[in-house]
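Protein chains: 2
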Amino acid sequence: MRKPTHKTKILQEGLRVVHERGYSASSVRDIIQAAGVPQGSFTNHFATKEAFGLEILELFYEPIQKLMAETLLNDALPPLKRLRMWAETGVNSLNQNNQWNGCLLGNFGAEANAEIDTIQARLAEIFSEQQRNIAYCLRAAVKARELPAKTKCGDLAVFIHASFEGSLLLAKAQRSLVPTERFKKVLFSTLLSPSA
Amino acid sequence: MRKPTHKTKILQEGLRVVHERGYSASSVRDIIQAAGVPQGSFTNHFATKEAFGLEILELFYEPIQKLMAETLLNDALPPLKRLRMWAETGVNSLNQNNQWNGCLLGNFGAEANAEIDTIQARLAEIFSEQQRNIAYCLRAAVKARELPAKTKCGDLAVFIHASFEGSLLLAKAQRSLVPTERFKKVLFSTLLSPSA
Numbered sequence: 001m002r003k004p005t006h007k008t009k010i011l012q013e014g015l016r017v018v019h020e021r022g023y024s025a026s027s028v029r030d031i032i033q034a035a036g037v038p039q040g041s042f043t044n045h046f047a048t049k050e051a052f053g054l055e056i057l058e059l060f061y062e063p064i065q066k067l068m069a070e071t072l073l074n075d076a077l078p079p080l081k082r083l084r085m086w087a088e089t090g091v092n093s094l095n096q097n098n099q100w101n102g103c104l105l106g107n108f109g110a111e112a113n114a115e116i117d118t119i120q121a122r123l124a125e126i127f128s129e130q131q132r133n134i135a136y137c138l139r140a141a142v143k144a145r146e147l148p149a150k151t152k153c154g155d156l157a158v159f160i161h162a163s164f165e166g167s168l169l170l171a172k173a174q175r176s177l178v179p180t181e182r183f184k185k186v187l188f189s190t191l192l193s194p195s196a
Numbered sequence: 001m002r003k004p005t006h007k008t009k010i011l012q013e014g015l016r017v018v019h020e021r022g023y024s025a026s027s028v029r030d031i032i033q034a035a036g037v038p039q040g041s042f043t044n045h046f047a048t049k050e051a052f053g054l055e056i057l058e059l060f061y062e063p064i065q066k067l068m069a070e071t072l073l074n075d076a077l078p079p080l081k082r083l084r085m086w087a088e089t090g091v092n093s094l095n096q097n098n099q100w101n102g103c104l105l106g107n108f109g110a111e112a113n114a115e116i117d118t119i120q121a122r123l124a125e126i127f128s129e130q131q132r133n134i135a136y137c138l139r140a141a142v143k144a145r146e147l148p149a150k151t152k153c154g155d156l157a158v159f160i161h162a163s164f165e166g167s168l169l170l171a172k173a174q175r176s177l178v179p180t181e182r183f184k185k186v187l188f189s190t191l192l193s194p195s196a
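Order-wise, the sequence lines are chains A and B. This note's numbering puts the first sequence at residues 1 to 196. This note's numbering puts the second sequence at residues 1 to 196.
Rather than coming from a laboratory, the hints here were simulated on the basis of the structure. Note that the structure is predicted; figures quoted are calculated from it, not measured. Hints are supplied without guarantee of correctness; some may be wrong.
Note that identical chains are pooled: a pair holds if it fits in a single copy or bridges any two copies.
Below, simulated DSS-like cross-link-like pairs (lysine-lysine); rule was C-alpha separation at most 27 Å, straight line [what the hints assert, rightly or not]:
#, residue 1, residue 2
1, K9, K150
2, K184, K7
3, K184, K143
4, K66, K7
5, K143, K81
6, K9, K49
7, K150, K185
Same shape as in the complex, but just chain A (with noise of 0.2 Å):
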């Protein structure tokens, strides 16, 4: 295995830093020390601390989308199947061993202001297809007769995801996993009942 150079430890430690901390709460420093690599190669490797942001970003931002790859799209499995296999891996994945760190991106949602543009703009991209990549699975149901064909699939993918970050963001605050199971729970057994 090769060594990992000092920007892939910056990458690494720094997106642990900045979900346990949030990134206003991060400084550069912290960062720096939670890598172990001197402070001269943060500003050799990123412009700006937002530089650094964005990259972390799409660090985190990566499994999620080969997760949404193997399930939203997949086409191979049956549409609610996959809805399902999508939403227990992504909740299940976080706040995770006592860690109530919540998902990176909800967090960045709610701390992005003014200040950092660049990272504000990539994520609402990012939600947007999150979003679109729901209603195609939404879609797929309606298509395979396992949800009604009057379900309004565009609407119903921006309330399934914001439940969805909002379960998370209420488990990492009450530092419980009562809202993401609640969240589970009844999105199967209500919104996406075969019945509904």
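Chain B: place on chain A using the hints.
Relative to chain A, chain B alone:
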């Protein structure tokens, strides 16, 4: 009208600043400058920034408690009507006039980390109280036969609360009212429709 005290100015302007920029991103200097009071008056009134954070949390929560008393807990009105008033007034009072600040409770929840323990603890209490109040109203709706007898009110209350906060978070991040509009629409056309 009595002239506002320094403490009142710090709380009012500080709440605005923190709601706009986030808690960690707002320095005591930012807050003092916005309030137009001398540097020393912050430390005169607040032992720590965290103590100030707790007070603005209460200040923000006050009208929400009032709203819940007038809607969710108001037995003089039909239950689903109360729920609709709560949901609509709640989301419509935030993210207005192109100020994409989200909900201060959700923002604190997403930012919360080990360094702001007392704020996090109070926030968890507030979220539990909101969920209890939603559940109270849902149980009243079941009793009034506005919802089916089989409705799992406790589970559904947490789900609705997550969707509510999630939609405010997405609206903020996407700088669009679509997520909160979809929240209201889907909530009342599916989960809380009389035929559900």
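Taking the earlier hints as the rules, which of them does this structure contradict? 1 and 2
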